[in-house]
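Protein chains: 2
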Amino acid sequence: MSEILKGIWRYQQVSRVELVDQIGLTSGTITNLTHELIQLGILRENEAISGNVGRRRVMLGFDPRFYRIIGLDIGRSSFEIVVMDLNGTILQSIERDMNGLQGPDAYFEVITPLVAGVKSDIEAAGYKILGLGAGVPGPIDYDSGTLLAPPNFPGWSNYPLQKMLEDQFGLVTLIDDDARTSAMAERWYGLGKNVNNLVSVTLGMGIGGGVVTEGKIVRGTNGLCGQVGHMTIVLDGKMCGCGNRGCWETVGSIPGILGRWSGGSTIEELQGAIKRREPEALRCLEDTLGFMEAALVNIQNLYDPELILLGGRLYPLLSDYLVQVKPRVQSRLYAFAKDRLRIEPSTFGNSQSAVGAAALLFGFLLAEPVRLLSLREK
Amino acid sequence: MSEILKGIWRYQQVSRVELVDQIGLTSGTITNLTHELIQLGILRENEAISGNVGRRRVMLGFDPRFYRIIGLDIGRSSFEIVVMDLNGTILQSIERDMNGLQGPDAYFEVITPLVAGVKSDIEAAGYKILGLGAGVPGPIDYDSGTLLAPPNFPGWSNYPLQKMLEDQFGLVTLIDDDARTSAMAERWYGLGKNVNNLVSVTLGMGIGGGVVTEGKIVRGTNGLCGQVGHMTIVLDGKMCGCGNRGCWETVGSIPGILGRWSGGSTIEELQGAIKRREPEALRCLEDTLGFMEAALVNIQNLYDPELILLGGRLYPLLSDYLVQVKPRVQSRLYAFAKDRLRIEPSTFGNSQSAVGAAALLFGFLLAEPVRLLSLREK
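Protein chains in written order, with my numbering: chain A, 1 to 378; chain D, 1001 to 1378.
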């Protein structure tokens, strides 16, 4: 079943004949399995008029009419819920500013009523919920679903988030590092559908990275693979919350940038000062772009992806200057590789991590549909 | 067959009953396939006395009596040939100093007679040669088997090495980046047998890296994955041959280190000066270790391996000081991860890359035994 779902995911609409060709199962088996998936409300048949002869063909696609997935992004300064269908369409999105709130108790006072409300609305409208995904600042202990020691996120060390969410809402729950959920969003619903190797970089209150290698998210031994924010960019630089010195995050995240500018306390104020061409603000920007340039060269030389995606709350500031950074990065790469480098904005803007959190469940559905549906019933 | 060979590789000696358990094929199929592999000279039966009851069991292992693999390391200042059997035993090793020689023509004047001699000796003694592997400074275009633009290796750009070796010696030939062959040696014959995620770092005239993720060597989009020598360590540092600035290689390779010391022109001289506690030499050493410390922290935070292996011609110098570097690296990692970090010397010393070049063929044998043997016959 997994192969069938993956085939349909890749091409959106596929006929049974095409599935037989792609997967190599017999047409009888394909017919039986797709029948079962249709009964389960995962797939549906659509009629398509093909070519100019106008022949009707029955195409299979995901069925958006029964299941919903809830995705949460629990961030350092914001919280978001998205509701998605099986086609990857965002049906609803709610955001909350979390500045000033600290630790799980304060967060859950906001999160609990919002998620409970969304959940009961979905069920009242007759839909079933496949599960709930959450992106949070990492690192995470995946065996226990516990946050470890996320830098700049006080109060959350050792918090058993997966279990708390599960107990609270009674849904199948998956959690992951928010940089990795952002990569998941791209992998399943965005540009990663057609790209086997990508690195997704999230620039905000922290800097995170999610690495997809040969189509698969890579977590590493301790769940730390892709911690691009914690590569040393300034030798003997400032101490970072992670234990290292001179991390990219210490100079390239929102607090890192604002720490090098005395003219104000928000990125919007800095943007204003840059527009007014104030020398200190311009120097701060220039340094920020320089750090980013070195970091992107390192990402390219260490992971060698086809595509680097940039997103997060800092992206709107940086996007104006990417035009300058890109050729500077390219000029520092191996000559034969530089023209192949693609740097793109991530597909889902501020919703990237929440969409990716929903994608965790979508990935689970594609890998083990029967197991996910049976977990739901418990 | 591939599954059987991998099972035997992992445990060295395995009974047919254990194979049935591990692989899940029927015992009839296992018997047929192992019989075929024994006929082919790949496997052999050994009798083992098991436990204290003294029961005799027939164990399967690789057969070292028929096939040989030749591994070459074509380096910037040295050349090596090793001959190995299917158990991973190094039967012969020949090294040549290549200092002063430049470009393929000068190299092949040395390489051709040596390899031809080794080949005819093997054949004269009645053995068959499974194939030839070669490690070279990368990057490589894998489709065509051509060297691209290896930094500090003049004359080799766009050289079709794979084809030249194949034509010259008439053997099945595989080539790879020497840092990646070093990782291969570890993966197939060394510490990587029991470790799924590792990074092998080769420090010498250049600095290279080979990355194994979930048991597989990762090459990336352009064959550049793992170019740890080309991460920026000194922001706005010196230009590097790769196009980037301030690469670890510019300050941490043999030329990089000697470029920061005015007292001599070899690493051995530097070692002497360090022993005499000459201030400039001590400062050069201290800086070298500082760069290495930052680089190892970056490797850990970006790839999150279980194991980092250090090798190459610089290793004998650095090994005396690793005792200092290791706790300094650990103190800069996430608290929960630092005690799990292992940094070890690579298993095969100076022969690492040549052994790994032979391992390319061993990996091919394990993945596609029938195809490799039929290519041999052509």
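Derived by calculation from the structure, the hints in this document are not laboratory data.
For every residue, glycine included, the Cβ atom is placed at its ideal position computed from N, Cα and C.
A few of these clues could be false.
[Stated by the list, open to error] Covered by chain D, per the in silico footprint, the following chain A stretches (three or more residues, Cβ under 8 Å):
| hint | segment |
| --- | --- |
| 1 | 35 to 41 |
| 2 | 225 to 239 |
| 3 | 294 to 307 |
Evaluation of the provided hints:
Evaluation of the coverage hint for the segment 35 to 41 of chain A: breached, as 0 residues show C-beta separations to chain D shorter than 8 Å, against a requirement of three. For the segment 225 to 239 of chain A, the assignment as covered by chain D holds, since 11 residues bring a beta-carbon within under 8 Å of that chain's beta-carbons and 3 suffice. As drawn, the segment 294 to 307 of chain A meets chain D at 10 residues by the rule of a beta-carbon pair under 8 Å; at three or more, the given contact holds.
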